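Assemble the whole structure, with the sequences as input and the hints as a guide.
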Amino acid sequence: MRTELVSVPADPARPNEDFASVGLPACGQGGSLVVLDGVTPPRGGTGCLHSVHWYTARLGGALTELTVSLPDVPLSDALARAIARTAESHAETCELSHPRTPQATVVLARWSPATVEYLVLSDSALLVESPDGTVTPYLDDRLSRLPRASLATDALVDATVRNKEGGFFTAAADPSVAARAVTGVLPRSEVRALAALTDGATRWTEKFREGDWTDLFTFVRKKGAQALIDRVRTLEAADREERTYLGRSKTHDDATAVYAEL
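Quick note, my numbering runs 28 ahead of the 1-based positions in the sequence shown.
Hints in this document: simulated from the structure, not taken from any laboratory. It should be emphasised that the depicted structure is a prediction, and the values quoted were computed from it without experimental measurement. Watch out, some of these pointers could steer you wrong.
[Claimed, not checked] Simulated pairs of lysine to aspartate or glutamate, DMTMM-like, Cα-Cα distance not exceeding 20 Å:
1) K278 with D267
2) K251 with D267
3) K250 with E289
4) K192 with D182
This is the structure we're talking about:
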């Protein structure tokens, strides 16, 4: 089995708010991957004493454990348990009902000799390659389908669409959000490899149009996850004023890519 995990902060002087892990059970059969993208809050209060990277480390650690130690528990239930565990760890000190309490996008995948399970919540991506080379993206596209007017300001997003019916959902402090994730189960025989990416890495396709999802997957398989992120950084630097590629709220973003051949 070949795995690669690369995570690069947007700014080396600031903590990386992404989280990534690959878990392999002691029995040697199967495994899991976890990729989180912490949501950077706007300036102002979040109701929480803790940072986003503290949250993603806690949630990611819980998910890494639960997806491996509880193989018969569906991924949505594992996510709900991990959110609840993380919330309990700071409920007494923090206002977890605040719309900007620390939160993250989620990609999970778990494979056994028989199946490959997946879960995607918000705008990170999971790409699945079949034995014939077909690449299928598994996405939660609710955020991208919202009218631009509903995203005009942070206050409007928080009041009307963040973790609300008809809007989009992220993992914050409410375990019930796990039921909103995009989930599914595939036969193991139909999956050759996986790639999980935060939106800092999917800029290669979604912002810079270097190729489609199949091209991105092929790039990672042939040149590696680090090469993908290096290319994104080059494109970002060349377009620093963000005039050519619209829709980037910041020049650089934390970027994470996990690649696994099953």
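Within a Cα-Cα threshold of 20 Å, do K250 and E289 meet the stated pairing? At roughly 12 Å apart (the allowed maximum being 20 Å), E289 and K250 satisfy the hint.
Please verify whether K251 and D267 have alpha carbons no more than 20 Å apart. violated, 23 Å
Would you mind confirming whether the straight-line C-alpha gap from K278 to D267 stays at or under 20 Å? Roughly 11 Å separates the two Cα atoms, so the pair holds.
20 Å limit on alpha-carbon distance, applied to hinted pair K192 and D182: holds, 14 Å
Hint 2 from the list above is the single one not met by this structure.
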